[in-house]
Structures are given as structure tokens and as C-alpha cells.
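Sequences listed follow chains A and B, in order. Okay, so the first sequence: first residue is 8 according to the working numbering, each after it adds one. Okay, so the second sequence: first residue is 21 according to the working numbering, each after it adds one.
Please keep in mind that the hints were generated in silico from the structure rather than gathered at the bench. For every residue, glycine included, the Cβ atom is placed at its ideal position computed from N, Cα and C. Hints are supplied without guarantee of correctness; some may be wrong.
[Claimed, not checked] Which chain B residues face chain A? A few, computed with CB under 8 Å, are given here:
id, residue
1, Asn28
2, Pro29
3, Leu30
4, Pro42
5, Leu68
6, Gly70
7, Ala74
8, Asn75
9, Arg110
10, His111
11, Asp114
12, Pro144
13, Gly147
14, Pro149
15, Asn314
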Amino acid sequence: MNEGAGAQIRSQPAHKVDIARIQHELDGLWKDLHRDLGEGQAVTRACMSNLIIYCDNDAQSADIEQALPAIVQVHPARVILLTGQGGTAGSGIDVFVSGHYCALGSGWQVCAEQIRIVADDPSNRRLPSVTRAQLVGDLPTTLWWASREPPPFAGKVFYKLADMSDQIIYDSIGWTNPSKGMQAMSRWVTAERNEYIIYNLAWRRLKPWRRLLSQVLDPVVQPGALEQVSRITIEHGPHALAIAFLLLGWLASRLGWKPTDGTVSPGKETLWHFDVNGRQVPVTVKRLGTGEPAPHRLHWRWRDKAGEHQVMFAVLGDERLGIIEECSDVPVRVVPAPELDRSELVSAQLAHRARDKLFEQALVVVDAMTSVLNA
Amino acid sequence: MNDSASQNPLVAGLAEDQVAQPCTLVIFGGGGDLSRRKLLPAVYNQALDGALPANFAVLGVALETMDDASYREFAREGVERFSRHPLDPRHWPDFERMLHYQQGSFDDPETYRRLKQRLEEIEPAFGIPGNRVFYLAIPPRLIETCVENLNAAGLVQPTGGDHPFSRIIVEKPIGHDLDSARQVNNILGANFDESQIYRIDHYLGKETVQNILVMRFGNSIFEPLWNAKHIDHVQITVAEEEGVGTRAGYYDRAGALRDMVQNHILQLLTLIAMEPPWAMKADVIRDHRQDVLNCLRPITPESIGSCVVRAQYGPGFHNGEDVPGYRREPGVAQDSTTETYVALKVFIDNWRWAGVPIYIRTGKRLPKRVSEIAVHFKSIPPILFNADADHPLEPNVLALSIQPNEGLSLRIATKLPGPKVRIYPVKMDFRYGSTFGDQSPEAYERLLLDVMAGDATLFMRRDAVETSWVFIENILNAWERSRSRWLPEYSAGTWGPLEADRLIETERRRWRLL
Numbered sequence: 008m009n010e011g012a013g014a015q016i017r018s019q020p021a022h023k024v025d026i027a028r029i030q031h032e033l034d035g036l037w038k039d040l041h042r043d044l045g046e047g048q049a050v051t052r053a054c055m056s057n058l059i060i061y062c063d064n065d066a067q068s069a070d071i072e073q074a075l076p077a078i079v080q081v082h083p084a085r086v087i088l089l090t091g092q093g094g095t096a097g098s099g100i101d102v103f104v105s106g107h108y109c110a111l112g113s114g115w116q117v118c119a120e121q122i123r124i125v126a127d128d129p130s131n132r133r134l135p136s137v138t139r140a141q142l143v144g145d146l147p148t149t150l151w152w153a154s155r156e157p158p159p160f161a162g163k164v165f166y167k168l169a170d171m172s173d174q175i176i177y178d179s180i181g182w183t184n185p186s187k188g189m190q191a192m193s194r195w196v197t198a199e200r201n202e203y204i205i206y207n208l209a210w211r212r213l214k215p216w217r218r219l220l221s222q223v224l225d226p227v228v229q230p231g232a233l234e235q236v237s238r239i240t241i242e243h244g245p246h247a248l249a250i251a252f253l254l255l256g257w258l259a260s261r262l263g264w265k266p267t268d269g270t271v272s273p274g275k276e277t278l279w280h281f282d283v284n285g286r287q288v289p290v291t292v293k294r295l296g297t298g299e300p301a302p303h304r305l306h307w308r309w310r311d312k313a314g315e316h317q318v319m320f321a322v323l324g325d326e327r328l329g330i331i332e333e334c335s336d337v338p339v340r341v342v343p344a345p346e347l348d349r350s351e352l353v354s355a356q357l358a359h360r361a362r363d364k365l366f367e368q369a370l371v372v373v374d375a376m377t378s379v380l381n382a
Numbered sequence: 021m022n023d024s025a026s027q028n029p030l031v032a033g034l035a036e037d038q039v040a041q042p043c044t045l046v047i048f049g050g051g052g053d054l055s056r057r058k059l060l061p062a063v064y065n066q067a068l069d070g071a072l073p074a075n076f077a078v079l080g081v082a083l084e085t086m087d088d089a090s091y092r093e094f095a096r097e098g099v100e101r102f103s104r105h106p107l108d109p110r111h112w113p114d115f116e117r118m119l120h121y122q123q124g125s126f127d128d129p130e131t132y133r134r135l136k137q138r139l140e141e142i143e144p145a146f147g148i149p150g151n152r153v154f155y156l157a158i159p160p161r162l163i164e165t166c167v168e169n170l171n172a173a174g175l176v177q178p179t180g181g182d183h184p185f186s187r188i189i190v191e192k193p194i195g196h197d198l199d200s201a202r203q204v205n206n207i208l209g210a211n212f213d214e215s216q217i218y219r220i221d222h223y224l225g226k227e228t229v230q231n232i233l234v235m236r237f238g239n240s241i242f243e244p245l246w247n248a249k250h251i252d253h254v255q256i257t258v259a260e261e262e263g264v265g266t267r268a269g270y271y272d273r274a275g276a277l278r279d280m281v282q283n284h285i286l287q288l289l290t291l292i293a294m295e296p297p298w299a300m301k302a303d304v305i306r307d308h309r310q311d312v313l314n315c316l317r318p319i320t321p322e323s324i325g326s327c328v329v330r331a332q333y334g335p336g337f338h339n340g341e342d343v344p345g346y347r348r349e350p351g352v353a354q355d356s357t358t359e360t361y362v363a364l365k366v367f368i369d370n371w372r373w374a375g376v377p378i379y380i381r382t383g384k385r386l387p388k389r390v391s392e393i394a395v396h397f398k399s400i401p402p403i404l405f406n407a408d409a410d411h412p413l414e415p416n417v418l419a420l421s422i423q424p425n426e427g428l429s430l431r432i433a434t435k436l437p438g439p440k441v442r443i444y445p446v447k448m449d450f451r452y453g454s455t456f457g458d459q460s461p462e463a464y465e466r467l468l469l470d471v472m473a474g475d476a477t478l479f480m481r482r483d484a485v486e487t488s489w490v491f492i493e494n495i496l497n498a499w500e501r502s503r504s505r506w507l508p509e510y511s512a513g514t515w516g517p518l519e520a521d522r523l524i525e526t527e528r529r530r531w532r533l534l
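Looking at chain A on its own, in the form it has when it is part of the complex (with noise of 0.2 Å):
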């Protein structure tokens, strides 16, 4: 066995398995670890979902599979990792068949049958039918979306697997073409919201600056930060242009704000203007050319009798988000930022059960937002 994520957990290398096999396959890892351990070893198994996980092709794939660990050490689950446009040695689907352990006490705890199954890109239209005979029963089943592809640019398979799942996570950071993902995702989450838990781990990634925002903001804080508004600017790194579309959509949602217009200068800004209460405030969201792919600073001004006040929000580095009030006696203050990785955002994310209204009115008025650019 490999040791895996951490001291704790350990992975059995997987075997190549025939499809109708599978379950046989995996209860044989079960007593293989049994007779490994010897007498007096429990091994118990614990599993609070079916794990779906969709990957375009076999690099993806085996990136994902480095996460698995470190994501079924915290949520114990049943892993179907499918790959869509695989290599197969030309039966069309391989299916591979491995389990990941924790210690736990005198003995180990199974935290995750995990089955692999390829398709090439002809059969791939099969996966959902052998996803669907592998599900453990009772349990909630979440989709993990990890292509590039927007969900409902995807087609079929998508649909198919979504139908089986009731949550379904994505990942808009990397999209190619962020404006029209995240438009029609929109769309797409306003129209299925009744149906499934939808959830964007961009919009995790944005929890911190949330926090942050809504705690300096404050009118206890900041009085007249929030009604007199003047001008927000935005800087993000490369490939994190949905991500700061979000965190816009969560404060025009929150705060009320219209979209108006909004014009795109391609690769550098997009320049919208919100209607606040009667008045115009220009929001610009603003690419840097190196960087994360994360929001990098905002800045926020306001106008009252006194005079134009500004705060800036900016990420320090070291996982640290600094509050530099321009023209304040207030010092610098740095907070942490933890900057959660992949696994520990699909992991947190597979513990809930519960609708983000925050979410869903986010991206109505990021749709909102992409219907006006350039209009």
C-alpha cells in the first residue's frame, strides 16, 4: 500500500477489473486487506456519498486522482472517476478498481472504494449506465464536474450524470471564455436551482473576501461605505475573470445594484456601471498580467459630506488579506486568508446539503451583468 495525503491514509494500488466484476473486485479488497492486517485488525468501512467525478482525458484524470485522498480522508465516499476522451486498450472502457484507508484506532477504516473507468471519446455515452449501477444506495451522490467544458456546454453526458447526482460542483476558474460560461451557467442554475445543489468552488475560493467585505463595510464600521458608494475597482490574476464576475454578483445582489452597461477593452478591463439608488457607480474589474488566478485587490471608495474616502483590500501574500484605509489614522490590518487547494474545496463543499441562495442570486445578476456588456 502507498501512503497517501498525510501520515494517516494509505491507497491500494488499483487493478485493472472486467465491468461486471466490480463489486466482486472490491469486497476482494476488503478481505485482502483483512488478511493483510491478520487476526485481531477490525477494518470498517465509512461513506457519506457517491462521488461522481467527470474529467475530459487521462491527464486530468490522474491530476484528480492525486487529490483523492487527501478529499475522501475528511469525506469518507464511494469514488467513481470517470474520464470521458480516455485511452482504452480498445474495448472502449477500462475500468480500474483501487481503495484508500485510514488508520483508525487498532485497526482501519475504509474511506473510499474507488472505481476508475475510461471511456474513449465513442463510448463515452455508456458512462452514465455503468456510473449508475455502481452508486451506493441511500446515500446523497454529488457530481463533481472537473472539465473544462461549462456544464451545459457539454451535452448528454452531462445531463445524464447530473441526473443521477443531487449536487453537482463545477469549477469556473480556467473557463475559456469566462463571459459566456458564466452566462450561460447562469441560466442554466436559475432554471435547474429546484432540482440539484449547484455550486461553483470559485465561489467558495471568494468566502474570505466576503468575510472581510462584509465586516469592514459595516456601517457600524464604516458608516456610509455602503450607501455612498462612488467607484469599486477590481484587479484579478489571468483566468480569474468568473471569479471576480462573482464577487460583483454577490455585492450588486446583496447591496441591490443594477447593472446599466458595461463595456469589455478584451485581455485588459471590462468597465460596468451600476445603477445605486439613482446614481452611477462605475465598477471596474481590471486583468493583471501575472498572478494567481484570484481576485488581487479591491479598491473601494466612497463620498460623503467629509470628503472621498478609500479602502483597499489587498492580498498580501502568505495566505494574508490586508485593509489599508487611505487617509485614516487606522493602521494596516492583516488577517489570514487560508487559500483552500482544490481538495479541501471539494471536500467542504461535499459536506453540504443545502441550497446557497447567496449563490443563485449572485449569478442572476451576473447574467444580468453579461446581458448588458457591449450592449
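Given chain A's structure and the hints, the job is docking chain B onto it.
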């Protein structure tokens, strides 16, 4: 001011994670053991988890001679030794900037004048709008002087309106009997509104304890069985393996009944026994818990012999080593009659619990540190699989483990594989640590955040404290009247005296082997 969500639309949706409001945490006794082991590590963990308000500062107040720099070193040492998250050198410099210290005597008004001055310096520098949480990590005898001086110095804001908030956290014990508890509450009440007072019992911050309500009212299978018709009895165990240690001064005056039963155990009992609340609001939950306390059958001088056993540990073993008896512990009087163990049989006289005994045991120098609530369901009728009177089936038991491993287990009967019908009890086990993987926050982390967010659900209200004392005082008075100098003794490292076994075994029940 207290209802941040109504003024700040950005707060919405963050409520699930507690919206701690900007404030200064003032720790009286900031240089003490509780601060070093629990409070400062809790604040540090909250900071690393991103749960603290951005505008936040800590001001420790204590007699020890320290300045900001040495207080930060003191905090660092506490975090290094006791924190859930290891100290992260990337974040420590930012965190320690929030920590401040002021030396002073709690009975000196000058301390409070300087405290006010210091707060007025710190708050603008951290963008804090005057909100303050005062944590009294001090001996109970200092509460009065501390609270009155706080008020006299103008450090307590009224509730309502646009005032910044002032909240006060008071550690147990609240008094050592009913009169002294009322006295403490009167002093608190004269200087703070009840809505500003948070009487902390860290047991209520534990995950399993909070899970009691979810388990009972979030599942459909338990609540229909949760009554006298289906439950035979309940056992609550809070066992400590340590002896009195360095707490002899306090403990020898308190004893197990005051130290554990009056607060932790009666609070656990209220959660197990309460009726379904109609909303998850602080006062709704606390009203329902209070109803349970109101229904506790008083223990009288006549019933005490059959309902209460007290005992003291004698010499014995701990981890294979000889350990002295209680009266040989440093700081303990050689003729002490303080109980280090108590077992009780209590009844809740309401419709749901009529006639169901609740057995409680707690003590020091027991074989292991374990806290558990076990609900024993009634046996099935003596027919079919339970027809053999010599080998009755073991009844179902639902056990909620509070420490050291938080979780729950259910004992059920199953058929052993094979041609014959042979029945074996198996335990279905759920543990927080192994199922959810993540480390649970410490109880103090959760409770401190609750105070910053203004949520008093997990804190004791005045009426709960005083009703608990009424119940306990009946027992104390009966002991007092008995004037007996004799206490049963149990060997250190055992599960208590024979008398405690008899308390439960006379009714054909047994203590659980934990």
C-alpha cells in the same frame, strides 16, 4: 447594534459560520492558566480559520507584571503548547499585533480608569467601534469587585439603541450555593442587562452536546421512542482519571456535586430531556431546558439514602503507578469529608419522563477519562428471541460519547451467521473524528464566537443556574444534617464504591462498563 444583519446586507448568508462582530476581547485574568491554555489558543485558532472579525483586539488584564511584548510571548507559549492549529510563523506577527496587556489589581479603581484609557487607544487603531467583550477568567470572589468597577468606570454600555455592545462572560462556578449564586447574579444583574451576560459552561460548546438536539429533532426514528414508554433508564457518566492535582484549594471546598453535577451534568440532562423547541432561538431553547430543571424531583432527607451515594478516593493505581488517597493529596485536609465521587438517581416528573430513572455518576481517579450519556431502551417482551429467561437479550442502547472521542453508538441485536438462530449484540459506531475527518473546533472557540455574534443559546441563563442550585442544595443540606464524618471509599483507578453499584443494581440494572 446587536442585529448586524439588518443593517449590513453583506452579512447575510455568512450567518451559518457565525458573524462575529468587531470588538475588543478584554480578559480579566489574562495572565492566568485558562487564558494560556484555552482562551488565547482559541482566539488564535479562530484567527487562522478566518472566523475572527477583521477589526479585533485582545487586551489581557491581570496582576502579573507584563507588558505587551511579554504578554505576546506568554500567548505564543500557550499557542505552541495547547493550540489545535500549530503556530504558523507566517501569521503569528499579524496575530500578535492584536494582543495587548495591562497590569493592574482588580480591586483598584485606577486599574479600570487605565483600562478605559487603553481601550480608547486600541479601538481606533484597530477600527473597533467600541464593542467590548469582558471575559472574567478570575476567581469567583473577584467577580463583584470587577463588575462594579467596570460599571463605575463607565465601561458598560446600555443595551439597545446605537450604543456599542458590552458583553460579559462569567466562568463557573456561579456561587457555591443558592444564596451565593443569587448574590453573584444580583451583582451581575445590577451592572449588566441579562442579555449582556454569558455564563459559560464549556461542555455545551462540544460537538456531541450540540449534536444531541440534532440527533433528537433532526431524525424521525428517535423522538417517537424518546419517552417513558420506550426508555428504561438513562446513564450519564463524567469520569476523570486525574486526582485533585493543583486544584485542592478550590476542590476541597466544592466537591464533585458542586464541581460537576450542578453545572455540566445538569445541563447535559436538560438537553437529553427537553421537549422539542419551536425555534432554534436562544431563549426558546433555554426556556425548554429550564422546564426540565423545574421538573426535577427534589431529593429529600428521606430519599437521599436511596438516591445519592458520595465517596472519596483512597490510595490505588493510575497508569500502573501508586497514587495517594484524596486525604493524602497536597493541600487537602487529612480529615476532609469532601466527596470526590457522587452517584445519583434522579427523576424528571413530567409526562415524558414519568418513572424513568436517570443515573448520574461522576468522580475523580476513575479508570479513564470519559464522558457519556447512554439511553437504555426497554427490553423486548420475553417471547420469541427473548424467551430464554437465563439468557435475556441485551436491550438497545444509544450512547452519546462526549469525550475523549466524540460520537454516538447504537447497540442492536443481530443474528450470528450459521444454521442456528444465535443472537449477538453489535455496536454501530459513529465517531466525529473518523467520519468527518476534520478536527472539530475546541468548545471555547465556538463559545467565544457565539458571544461575539450575540448568540446566547449555549450559555446558562440566571434562572437555570439558580434552579440547579435549588436541586443541589437539597442534597447538600441533607448531607449537612446527617453530620456523618464517614464516607465510603473507593480505590483510585476503580469505577467507584460498592454503594454506587448497589444504587443501580437493586433495580436490576448495572452501570455501563466504559
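Against the structure, the hints:
Taking 8 Å as the C-beta contact cut-off toward chain A, the hint placing Asn28(B) at the interface holds, the least distance being around 5 Å. Below 8 Å, beta-carbon pairs count as interface contacts, and Pro29(B) has one with chain A at about 4 Å; its hint therefore holds. Checking Leu30(B) against chain A by beta carbon gives a least distance of about 4 Å; that is within 8 Å, so the hint holds. Hint on Pro42(B) holds. Least Cβ distance to chain A is approximately 6 Å, under the 8 Å limit.
Hint on Leu68(B) holds. Least Cβ distance to chain A is approximately 5 Å, under the 8 Å limit. Taken as an interface hint, Gly70(B) checks out: its beta carbon lies about 5 Å from the nearest beta carbon of chain A, inside 8 Å. The beta carbon of Ala74(B) is positioned within 8 Å of a beta carbon in chain A (closest approach about 5 Å), and the interface hint is therefore held. For Asn75(B), the shortest C-beta to C-beta distance to chain A is roughly 6 Å, which falls under 8 Å, so the interface hint holds.
Because the closest C-beta pair between Arg110(B) and chain A is about 4 Å apart, less than 8 Å, the hint holds. Among the interface hints, the one on His111(B) holds; its C-beta lies about 5 Å from the nearest C-beta in chain A, closer than the 8 Å criterion. At about 4 Å, the closest approach between the beta carbon of Asp114(B) and any beta carbon in chain A falls short of 8 Å, and the interface hint on this residue holds. Annotation: Pro144(B) was flagged as interfacial toward chain A, and the flag holds, the nearest CB pair being 6 Å apart, inside 8 Å.
The criterion of a C-beta within 8 Å of any C-beta in chain A is met by Gly147(B), whose closest approach is roughly 5 Å, and the hint holds. About 5 Å separates the beta-carbon of Pro149(B) from the nearest beta-carbon of chain A, less than 8 Å, and the hint is met. Here the hint on Asn314(B) is broken, as its CB sits about 35 Å from the closest CB of chain A, past 8 Å.
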